[in-house]
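> Could you build the full structure based on these sequences and the hints that come with them?
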Amino acid sequence: MKQMIIVLTGVMVFSGLALAAAYSGLSERIEENRIAALNASLAAIFDVDPDAADGPSFDLVDGSDPLMYRGKDTDGTVLGYAIRLQAQGYGGAISMLVGLDADAERIIGISFVEQVETPGLGGRITEEVFRSQFRGLDADRALELVRNVPPDPDRNEVQAITGATITSIAIVGRINERLGDAVELIERQER
Amino acid sequence: MEQRSITAEFAKGIVRDNPVFVQVLGMCPTLAVTTSVINGVGMGLATTFVLVFSALFASLLTRIVPNQVRIPVYAVVIATFVTIADLVLKAYFPPLSASLGPYVPLIVVNCIIMGRVEAFATRNRPGVSIVDALGMGAGFTLSLMVLGAIREILGSGSLFGVGLLGTSFTPLVVMILPPGAFLTLGILMAIFNALKAKSDPVLIRT
Chain A
31 MKQMIIVLTG VMVFSGLALA AAYSGLSERI EENRIAALNA SLAAIFDVDP
81 DAADGPSFDL VDGSDPLMYR GKDTDGTVLG YAIRLQAQGY GGAISMLVGL
131 DADAERIIGI SFVEQVETPG LGGRITEEVF RSQFRGLDAD RALELVRNVP
181 PDPDRNEVQA ITGATITSIA IVGRINERLG DAVELIERQE R
Chain B
209 MEQRSITAEF AKGIVRDNPV FVQVLGMCPT LAVTTSVING VGMGLATTFV
259 LVFSALFASL LTRIVPNQVR IPVYAVVIAT FVTIADLVLK AYFPPLSASL
309 GPYVPLIVVN CIIMGRVEAF ATRNRPGVSI VDALGMGAGF TLSLMVLGAI
359 REILGSGSLF GVGLLGTSFT PLVVMILPPG AFLTLGILMA IFNALKAKSD
409 PVLIRT
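Those sequence lines, one after another, are chains A and B. To convert, take the position in the first sequence, counting from 1, and add 30; that gives my numbering. To convert, take the position in the second sequence, counting from 1, and add 208; that gives my numbering.
It is worth saying that the hints were derived from the structure and are not from the lab. For each residue, glycine too, the CB sits at the ideal point set by N, CA and C. One thing to keep in mind: the hints can contain errors.
As the list claims (entries may be wrong) - Below, simulated SDA-like cross-link-like pairs (lysine to any residue); rule was C-alpha separation at most 25 Å, straight line:
#, chain 1, residue 1, chain 2, residue 2
1, B, Lys298, A, Lys32
2, B, Lys298, A, Asn69
3, B, Lys298, A, Glu144
4, B, Lys298, B, Ala346
5, A, Lys32, B, Val284
6, B, Lys298, A, Glu58
7, B, Lys298, A, Gln116
8, A, Lys32, B, Leu268
9, B, Lys298, A, Ser54
10, B, Lys298, A, Thr148
11, B, Lys298, A, Gly55
To be verified - If you anchor each label on the Cβ, the simulated ranges turn out as follows:
#, chain 1, residue 1, chain 2, residue 2, range
12, A, Glu214, B, Ala306, 27 to 37 Å
13, B, Pro387, A, Val179, 26 to 36 Å
14, B, Leu372, A, Pro183, 26 to 36 Å
15, B, Leu268, A, Lys102, 56 to 66 Å
Okay, here's the thing in structure tokens:
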């Protein structure tokens, strides 16, 4: 009985100390990785080199809903906005950024911060073929999802990924839900 | 106890007692993460890390741990090393950590680890236990690599993320989906058993 208590206590203390040490040693780096991943996604939207010293800066627009980052170049000119959206995909939450130009008229790009979609199917949303379709689409009207036919940008169309309809619908649906709010917010900001 | 060479202790994990193809342990990560070689390697190495340290501690603690609390004590030890492995992956290999997702914390319930701790480490000295754990880890890693390679080549047309088969090849999507995992595993297991039967007929005939 006594031995049991001593052993259990000893093991728990050892475990607690080991975990505390590992966490305090690594948490800073984990946080840096998270920020680096976000910055890389932001840089991808504004099509700039994330490591460039004189690159643009991204700052969070205060109290924005949906969450929004403003991208500025070194002179302080607004390059555009990146809206952070969360969609419910097939494999779990998809965290994405949708870029808008400075006047909130067009989508300038889309990138994914975190996603756990099936590799080779829904996971292909991160490929350029899918992401490039969004570039240049109108921000003031809904996006249309088409299947098996080439998308027509003039009709604001995006082609779904074959075999990943749920993922494609989730992304386009979420953008349609929240883009209006974001555009309104940017227009208010500009005034 | 029968004295066997260090090499034999190590090698048995790769062929004779291969954790995946012979012991059929650890099926959850085996089937779930082997959509690409790199995932297989990552999962295999993370599991090996946990295996080695759990075996070492189990072997050291075996004489002082009362039998009634054996399982909780080893579970805590295993969970500790799994959490450390998860943190290390997050800190130093973020893309791998992202693609393995929840399967890293799930190493806690990988039966290879509890199996080796119970069946081997608690009955052997630390040195041999580590060798056994390394062998099992190597066998697990190699099995996952083979599965991952086959599924990645057929399912994505690439290997280590590099396109292999060109654009004319239409990937067999089923291979990266769960059925592909079962098909590949079944076929590999059959081949493994056939080879074993050939080299050691007595073992297989029942």
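> Hint by hint, say whether it matches the structure.
Hint by hint, here is what the structure shows:
no.	hint	result
1	B:Lys298 / A:Lys32	39 Å, violated
2	B:Lys298 / A:Asn69	17 Å, holds
3	B:Lys298 / A:Glu144	13 Å, holds
4	B:Lys298 / B:Ala346	22 Å, holds
5	A:Lys32 / B:Val284	19 Å, holds
6	B:Lys298 / A:Glu58	11 Å, holds
7	B:Lys298 / A:Gln116	21 Å, holds
8	A:Lys32 / B:Leu268	20 Å, holds
9	B:Lys298 / A:Ser54	13 Å, holds
10	B:Lys298 / A:Thr148	20 Å, holds
11	B:Lys298 / A:Gly55	12 Å, holds
12	A:Glu214 / B:Ala306: 27 to 37 Å	33 Å, holds
13	B:Pro387 / A:Val179: 26 to 36 Å	29 Å, holds
14	B:Leu372 / A:Pro183: 26 to 36 Å	33 Å, holds
15	B:Leu268 / A:Lys102: 56 to 66 Å	58 Å, holds
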